[in-house]
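Peer 1: Chains as they are written, first to last, in the working numbering: chain Z, 6 to 398; chain R, 4 to 229.
None of these hints come from the bench; they were simulated from the model. Cβ atoms here follow ideal geometry from the backbone N, Cα and C, with glycine treated the same way. Treat the hints with care, as some may be off.
[Unchecked claim] Here are the computed distance ranges between Cβ atoms for each label pair:
#1 Glu44/Z x Arg61/R: 31 to 41 Å
#2 Arg113/R x Ala60/Z: 52 to 62 Å
#3 Glu369/Z x Pro187/R: 32 to 42 Å
#4 Arg358/Z x Asp81/R: 49 to 59 Å
#5 Pro213/R x Ala60/Z: 53 to 63 Å
#6 Glu44/Z x Asp85/R: 43 to 53 Å
#7 Gln110/R x His257/Z: 20 to 30 Å
#8 Asp71/Z x Pro187/R: 54 to 64 Å
[To be verified] The list that follows gives simulated cross-link-like pairs (lysine-lysine, DSSO-like), each with its CA atoms no further than 27 Å apart:
#9 Lys185/R x Lys8/Z
#10 Lys49/Z x Lys375/Z
#11 Lys6/R x Lys228/R
#12 Lys49/Z x Lys185/R
#13 Lys205/Z x Lys27/Z
[As the list claims (entries may be wrong)] Sample of chain R residues at the chain Z side, in silico, Cβ under 10 Å:
#14 Leu27
#15 Glu206
#16 Pro209
Single-letter residue listing:
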Amino acid sequence: MTKIAVAIAGCGAVAATGLGLKPLQHAVAANVSALRPREGVPGKMPQPIVAGFVAAEIVESLRAGDALHAGSRAYLFAAAAAREAVDNASAVFASVPPPRRGFVLSTTKANIEALDQLVRQQPVSDVAQRHLQPALLAADLAAAFGCQGPVQCVSAACISGLLALQQGAAFLRRGLADMVLVAGVDLLSQFVLSGFNTLKSLDPDGCHPFDQARAGLSLGEGAGAILLTRSELVAPPRLHLAGTGTSNDANHLTGPSRDGSGLALAMRRALAQASLAPGQIDFLNAHGTGTLFNDNMEALALRSVFGEQVPPFNGSKGIFGHTLGAAGVLETILCVNALQTRMLPGTPRLRTRDPVAPDSLLFEPRPAAKLERVLKVNCGFGGTNAALILERE
Amino acid sequence: MNKLAVHAAAYLGPEGFGNDLTGLRPWPGPLTGPFQRGELEGLHWSLFSASDPSRFLRMDLMCRLGYLAAELLDVNFDALSDASRDQMGVCVESFTGSLDTDIRFAQTPRPSIFAYTLPSTVIGEICIRFRLKGPVLSLIAPDTRGTSSLAEAAEWLREGEAERVLCLGLEGLNRATAEAVKLPAYLRPSRWHAAALLLGHAENSPRARPLSAGPLVAVCRQALKM
């Protein structure tokens with residue numbers, strides 16, 4: 006691997022917590038959940054649904070600000086997050102000419118609600134239909150932000166976000182770009198909600214990751230964006246993307262492997278790429294969906310890699326739900342926040358730790374005695390696993 | 004640095020099917036137009052594999068295409084060591100993705116269909132079949148040529164992330180499915196095909212050939228002398 010260091014220049018977010026990074030940071034600091042019950046969700050499913058919905062007034066304000074894309078919530082969410090990430094690094098962004106700016110989109114279903122409308126023969130705008138195709142959504146977002154370099158769209162279930170960050174870093178390391186805007190987005194729609202409902206994966210009470218009485222996941226929607234640059238373009242103190250790794254369980258399509266070996270392999274690959282030993286990781290942000298099998302599998306994977314010295318770790322999906330293709334980006338933003346504030350985040354909605362989970366599981370936020378390197382993991386349908394390491398320079 | 008090579012190539016599309024050893028062969032029976040539903044309902048399974056087709060018959064269109072193309076490579080993955088399979092990357096690229104299955108699920112939500120509403124599910128099916136552990140990547144492209152996956156695979160090989168990489172370009176949408184929702188023409192793939200390449204470092208093997216520049220589908224067709 007060529008030794009070109011990749012730095013994080015800016016972040017942006019839209020989630021159930023609200024528009025922007027600040028409400029997300031407040032939710033993390035207060036260890037509160039933005040999951041809410043909602044009645045009247047279309048489709049045959051139990052009501053209310055507890056999920057991380059982006060507030061209607063935020064959607065309306067985004068629509069009012071961009072009439073051209075008002076029909077595509079996926080575009081509006083991703084563009085809002087990307088705009089914040091760019092604004093947070095405006096001088097750096099402006100210093101890189103458009104042909105040297107890349108763009109990577111992460112999504113599982115793009116503007117999927119347009120398909121719900123097509124199937125029900127409801128009116129659907131041209132832009133809403135166009136953004137059913139994830140690469141066309143990526144192309145439109147890249148054009149809007151003047152990213153004329155390489156453009157790519159990753160769609161790999163719930164590891165999409167970490168894969169997109171991996172691909173963005175690869176563009177920089179290969180010299181294809183000097184800056185890459187990475188955005189992840191997914192929507193709560195009838196399609197997605199009814200899908201997880203048919204699998205009986207949803208906890209009617211809302212998710213409780215790593216809890217003894219956990220009963221399933223909660224879905225969420227929104228977007229996250231991270232601006233990656235060649236390190237020398239950003240003034241210190243800098244955070245680097247130090248390594249990534251992926252794997253497949255080769256075991257089951259919709260369920261995690263029982264032994265955690267696939268996720269452990271992805272973590273070991275990320276550690277190897279970053280030239281780090283497990284003992285050098287100070288904090289880990291888990292996938293932590295709140296399903297019985299996922300959280301069991303993760304606990305096994307953590308013990309496999311770290312032995313009895315599992316670093317402090319948390320699960321974030323109690324804050325804004327499982328945001329699917331946005332999850333890897335949004336949850337990496339929480340890791341960036343932890344490194345910047347030197348605060349370890351808690352696990353909202355956790356009541357009683359399942360004994361299967363290592364006892365370093367964080368209930369509440371607390372200051373970190375040492376926080377230099379963070380490991381982020383995600384797992385997904387199809388037996389996919391991904392890991393990513395951030396470190397302070 | 005070692006040069007990269009195509010270790011095996013396979014293709015199936017309207018013109019026929021085959022690999023770099025056999026060349027392109029015609030279908031034994033008529034194909035009923037661009038992906039009418041039912042075209043691959045086990046009709047040609049026996050051409051590719053002697054294994055139990057029950058798993059194949061549960062799959063959606065994209066997974067069937069990927070599975071058939073991987074079988075058609077005629078590579079004995081089972082003979083590889085565990086260490087080799089742990090270093091076998093899988094990279095899938097598609098314009099259409101799982102759209103055919105997405106539409107079917109939106110019409111009739113069933114759990115057996117939902118598992119296939121992701122373009123990356125085919126990676127899981129192939130990894131389960133051949134016991135491959137990755138790395139993995141699933142890309143949605145703005146066209147059907149497979150413009151990015153070969154470059155990604157080449158970088159994995161050069162950077163030592165994988166010893167070999169299975170690259171797949173998969174496109175297919177049943178006409179009836181698309182017409183049922185009046186899907187705009189530009190969201191339908193211009194063609195259907197499954198193209199598979201097994202890439203690795205150059206080796207002293209009669210089957211290995213230098214990796215030429217170009218999109219996945221073109222390189223694959225070139226290997227079959229199409």
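Peer 1: Where does the structure disagree with the numbered hints, that is, which hint numbers, in rising order?
Peer 2: 2, 3, 4, 8, 9, 10, 13, 14, 15 and 16
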